[in-house]
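S.K.: For reference, the chains in residue letters:
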Amino acid sequence: MELIMSKKYKTSLIISFLLMVIALILWAVQIHYGLILTNLSNLFSWGFYISGLAFFVGNAAGGLVLSASIYMLGLKELKAFARLGALSAFACVTGAMLIVLPDIGQPLRLLNLLLHPQFLSPLIWDVIVLNCYTLLTLTYFYILILPDLTGKLSFLAPKKISDPKAFSEKWARRLSPLALFSAASIHIVTAWIFSTQGSREWWFTAILAPDFLSVAVFAGTTVVLLASALLYGTGEEHTAAYKIMVKIILGALILHLFFMYNEIFIKSWYHAESALHVLKILFQDYLWLHLIEVIFPVVAVYLLFKESVLQSQKKLVATTILLLLGVFAHRYLLMPGAYNAVPLSFLPLGQQAIGPAWSYPIALGRSAANGDLFSAHWAYYPSLVEVGIFIGICAYVFFFIACVCKLLPVLTPTAAAAATTTTTTTTITKSAQ
Amino acid sequence: MRRGWVIDLEKCIGCRSCMVACKQHNAGPRGTWWNRVFTPGSSEHMIPSPQGKEYFLPVTCQHCKNAPCVRACPVDATYHQSDNSVLIDYDRCIGCRCCVTACPYGVRQFNWEDPEKIHAREEQSVPDYRYGYPREFYKDGRLVYMPVRYKGITEKCHFCVHYQEEGLDPACVRCCPGNARYVGDLDDPMSEVSRLIRDRDGFTLIPEKGTDPSCYYLPPKRKNSIEDGAEEGAENGANHE
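Chain order of the listed sequences is A and B.
Going by my numbering, the first residue of the first sequence is number 176, and it counts up by one from there.
Going by my numbering, the first residue of the second sequence is number 269, and it counts up by one from there.
If you are wondering where the hints come from, they were derived from the structure by calculation, not from laboratory data.
All C-beta atoms, glycine included, are put in the ideal place defined by N, C-alpha and C.
Any given hint might turn out to be false.
Claimed, not checked - Some, not all, of what chain B presents toward chain A, calculated at C-beta under 10 Å:
1. G282
2. I362
3. C366
4. T369
5. P457
6. M458
7. E460
8. L464
9. R468
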């Protein structure tokens, strides 16, 4: 909590604000010149931005995991982190919606999503569930902070509630199943955007939605752990709660690795040419990134089980960031396997002796580096504009959480000191102002 | 009525006239090709693959009955017309590229930058010359063709909808020097296209994707080359005839 008042805090706010401004400028430039400023092409038509969508949607699960753990599993130790969980969920889900915007070729026509929705499209379902989830996390957050909306903040509190603490407790409990349901829905529906794409061997699998859920549980919890490490620090009174979070992360990570390798195993066992093509992309072209997506989270979780890491703020922050880098590598790897395996691939008539299957070249819509206008392969890597905008969204998530923590009573003392909650938080709020 | 194509691979000589005619008539921006012709099995067009069985495969929008692009579009910008052909409303498209990803045939083309900018940048012998059907075309009140496309929207073959009312066949059909392309009603068992598909074992591309395309291909006859002579009997089964 001491961090909120420190110089470091102010510097980090300024830096993240500048990064947001840079991203906004980059987006404006991209609107002017078109998506030619990305390194995408007709062959590889989604990249960093859509990986970012999957990344931030996954990270938004933290609020759900905590509220479900507290109110449905009875893990009272986590109660002090419920507000931060709801807040991080809100920041991440709005970040997810923001990062889709630069991927839209005609952003001014976004209203068409409301005016002419086509309800067979999973993208429309995603727009609906992401917006519902945003409203719900906002409501949930408000209910959680309600008891502490006193003093200068009392204008935010409704007048008619006589016992805000009991009210907050009652409704947080009542809403938690709904929060669980809607949080699950954002991961499932986002996965469906990919897994309904029957033309893409890499995505067209029923395992994708369960896998998105498992990734979301450990990525979302990691985000809460990171935010807690930054804002609460690593005092002994938090260790018990952190340990529970680490256990949740471990369980979901194991589930994710099982889902992923289960899919890879079945694909490689059947040995169909189309599946082997996808696996070749993963294990040959992108082996280094695959190692990152597996090794980073595994090593991070191993470290998180060490007391020394849980008790050192620097180590804890570094470890959770390592884990999130692994998650982002996983999200990035959604793309190459889907796009560089051209669906229109076949053994040419009468040429079965030649093999392997031949891929029909696609008109790229822009010149490749070697001047090709048609190709069956596109060596995608993000452009500086794409990276800059992505970093800007990360900065937004940080900036938003950090600012709200200063303005509203988010940081409550741990469960042990819960009895004195109200007074302490009020003091913090006052000194923050 | 289900408007469909039949492309006779026996007659296709790989000249790419259909690619050029399509681009000319539909004002295709640089780098954008609604229609492609390649030599299957070979990395270079018109250069036979090592085994020497050379044939050419034109691919354009397959106007699928079960079109994944139509299902994926969040704003109903791409839709089935009454004759089953798949059109795009250029005024509606938001440029999310769900359809580009959904299409297994790789026919959907995105305008990564403003086509007018490309036009200004490229060296032109006659600066203000613009090829292509010069007017916007609305079908059922929806903008399905425009000579200069918006930046950031998706486009593709529209079955030359702007010529249909005049009773003209698509540009690629009219220009084909080998008369390799046929267009007609796939729902009518007596139509020429239906008869060709029936009599000559018409097939569709990657049927395992379940898209039910409206573009059928007639397999090429076996070519007689010197090296083939000896093994003629052994390979007969491979020719889909």
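S.K.: Does each hint fit the structure? Answer for all of them.
M.R.: Hints and how they fare:
{"no.": "1", "hint": "G282", "result": "13 Å, violated"}
{"no.": "2", "hint": "I362", "result": "5 Å, holds"}
{"no.": "3", "hint": "C366", "result": "6 Å, holds"}
{"no.": "4", "hint": "T369", "result": "6 Å, holds"}
{"no.": "5", "hint": "P457", "result": "26 Å, violated"}
{"no.": "6", "hint": "M458", "result": "28 Å, violated"}
{"no.": "7", "hint": "E460", "result": "23 Å, violated"}
{"no.": "8", "hint": "L464", "result": "17 Å, violated"}
{"no.": "9", "hint": "R468", "result": "13 Å, violated"}
In the structure shown, a violation is registered for the earlier hints numbered 1, 5, 6, 7, 8, 9, in ascending order.
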